[in-house]
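Undergrad: Please arrange chain W with the ligands on chain E, whose structure you already have, making use of the hints.
In the order they appear, the protein sequences are chains E and W.
FYI, the numbering for the first sequence is 1 to 289, going by my numbering.
FYI, the numbering for the second sequence is 1001 to 1289, going by my numbering.
Misleading hints may appear alongside valid ones.
Within a straight-line C-alpha distance of at most 30 Å, the following computed DSBU-like cross-link-like pairs (lysine-lysine) qualify [as the list claims (entries may be wrong)]:
| id | chain 1 | residue 1 | chain 2 | residue 2 |
| --- | --- | --- | --- | --- |
| 1 | W | Lys1223 | E | Lys82 |
| 2 | E | Lys243 | W | Lys1158 |
| 3 | W | Lys1026 | E | Lys223 |
| 4 | E | Lys39 | E | Lys22 |
| 5 | W | Lys1186 | E | Lys158 |
| 6 | W | Lys1172 | E | Lys158 |
| 7 | W | Lys1091 | E | Lys223 |
| 8 | E | Lys118 | E | Lys39 |
| 9 | W | Lys1223 | E | Lys282 |
| 10 | E | Lys82 | E | Lys92 |
| 11 | W | Lys1092 | E | Lys172 |
| 12 | E | Lys172 | E | Lys239 |
| 13 | E | Lys118 | E | Lys223 |
| 14 | W | Lys1282 | W | Lys1026 |
| 15 | W | Lys1092 | W | Lys1078 |
| 16 | E | Lys22 | E | Lys158 |
Counterexamples of contact, computed for chain W against chain E with all Cβ distances above 12 Å [unchecked claim]:
| id | residue |
| --- | --- |
| 17 | Lys1011 |
| 18 | Thr1051 |
| 19 | Val1087 |
| 20 | Pro1095 |
| 21 | Asp1173 |
Hint data in this document are derived by calculation from the structure and do not stem from the laboratory.
Computed from a predicted structure; not experimentally measured.
For glycine and all other residues, C-beta sits at the position ideal for the given N, C-alpha and C.
Protein chains: 2
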Amino acid sequence: MLAAIEAGGTKFVCAVGDETGKIIDKVTIPTTVPSETMKEVIAFFKQYQITAMGVGSFGPIDIDQDSPSYGSITSTPKTAWKDYPIVQELKKEFPIPIGFNTDVNAAALGEATFGAAKGLDSCLYITVGTGVGAGAVMQGHLLQGLSHPEMGHILIRKHPEDSFEGVCPYHKDCLEGLAAGPAIEKRWGQKGSELTHKEEVWELEGYYLAQAMMQYLLILSPKKIILGGGVSHQEAVFKAIRKHLPEINGGYIALPDLENYIVSPGLGDQAGITGALMLAYKALNEQIA
Amino acid sequence: MLAAIEAGGTKFVCAVGDETGKIIDKVTIPTTVPSETMKEVIAFFKQYQITAMGVGSFGPIDIDQDSPSYGSITSTPKTAWKDYPIVQELKKEFPIPIGFNTDVNAAALGEATFGAAKGLDSCLYITVGTGVGAGAVMQGHLLQGLSHPEMGHILIRKHPEDSFEGVCPYHKDCLEGLAAGPAIEKRWGQKGSELTHKEEVWELEGYYLAQAMMQYLLILSPKKIILGGGVSHQEAVFKAIRKHLPEINGGYIALPDLENYIVSPGLGDQAGITGALMLAYKALNEQIA
Ligand SMILES: Nc1ncnc2c1ncn2[C@@H]1O[C@H](COP(=O)(O)OP(=O)(O)O)[C@@H](O)[C@H]1O
Ligand SMILES: Nc1ncnc2c1ncn2[C@@H]1O[C@H](COP(=O)(O)OP(=O)(O)O)[C@@H](O)[C@H]1O
Ligand SMILES: [Zn+2]
Ligand SMILES: [Zn+2]
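If we strip away everything but chain E, and leave its shape as in the complex, we get:
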């Protein structure tokens, strides 16, 4: 049996399942402090005979296998988890192969394997919720270089009529600072979920997300872009993105059919945990190979 953890800032989703993506049992544990949360995580998995584990984690995290802090959550603002060596701690209890990557990379892998990008060798998964994060599978591999990408903080151009200064603590008006859920709430004075009928909210949101997607397209050229997270529940955002993207492109690259290119997650909220299961499966195979 394979074990999967989707380690988020508010909750840990733990599941056991198999390499077909089937989930056999699942539990949700609140993210408090490592001593508490991890105790419950470990207790859950101890019920099963597991052969490998996959962890998709909030970040930033250290995924460089040559680094002494490999397997840690690094500079997170959640102080209790800062520099927490999650993989090493899990290894103590479960001396099995453990795959480790970001939550958004796990979701990208899940979608590429069983979701909206099934059968394609590349896709980009972007989530717009409390923050903005994105991960990519390119040529069949989770994209990784010096570190994992941090695509949520790219620079975009502010709309001339948007006077909101942005909420990113590092950049103020980067993509996350202008377009994540908290930015929407602060700009319009109401939560996104209560703004459904306010057209201009999603029009502006689409304007910013289309800019971001244009950069991803030009730099990566993924075969599918999957938009998830709380904000993606607003159908109007997709419409606005599909309207603005060709304007921003200005006829430069041949754009694919955007209805089929920018889509919702095929796995719904299960993209992350399913991807973590695939991280486990990959870790198992790499160990054997």
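TA: Below, chain W with the ligands alone, put in the same frame as chain E:
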């Protein structure tokens, strides 16, 4: 013997060499019309016993092996070369494995194999000359998805004091529109090579290139960034980039040591042709495998 072509908008560089990157003979042929240019190209290679060929071409080009127009230069403004099936034409004369990619991807491959990124599994090569183009090797492979990246036309933010509107025919003020050689010449009224002592020119250039590099870093996280092309001959540009990049980053990601991270091509102007030789070598191995 391996054959290599660096197909540029003004000249074709043709070489024969081996898989160690050694070039045995080389010739430069002006880019006029296909019937003329290709006749000389073919005549050069007919002198040798070649087993595989690599072509790094100006673009955009079709590198999708499942596409009917695979191996063509597609929508170039150089009308004589528009839709020219360069790989098919070469195959008629040389029925051998032919690797085909963009000129900048070839340069990235050359640098990753024998140049400034030797020993690393990823790098980004960016050239700033008549245009801006970039290619990347990620996890040992030339980055490719729906198509090859078109990283030269990403959006950047205009400097508040820069009133120049930009020269990109598609976007006006994209990266290429603001920062390529022709933009420099038009903004300042003199060719870049004559502006060496004008500090503000390279300060602004560095401001724009640092923005671009920040996006590449956030989205790809390459292990090295190599800056080539005519404009990179200005040492002041490197200094300005290294100054602006940390400002733009705002303490967000851990930046590598920029002196060793953003560098000149290790192969000088030979990056492209050496990379094309490696494209030939890859094509040969893929054929045999
Ligand atoms: N239906 C909705 N429409 C617009 N915004 C939403 C919606 N649901 C949640 N959000 C916003 O998304 C953010 C939460 O994102 P979510 O993806 O649900 O969780 P998280 O990012 O914390 O994992 C909040 O800022 C919330 O206001
Ligand atoms: N030393 C230099 N300093 C600044 N700009 C230069 C220099 N040399 C060439 N350029 C500019 O770079 C452009 C030519 O780029 P180059 O890389 O040499 O060729 P291409 O891009 O056509 O292959 C021109 O716009 C030229 O003005
Ligand atoms: Zn930011
Ligand atoms: Zn442009």
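Undergrad: Hints the structure violates: just list their numbers, smallest first.
TA: 3, 8, 11, 16, 21
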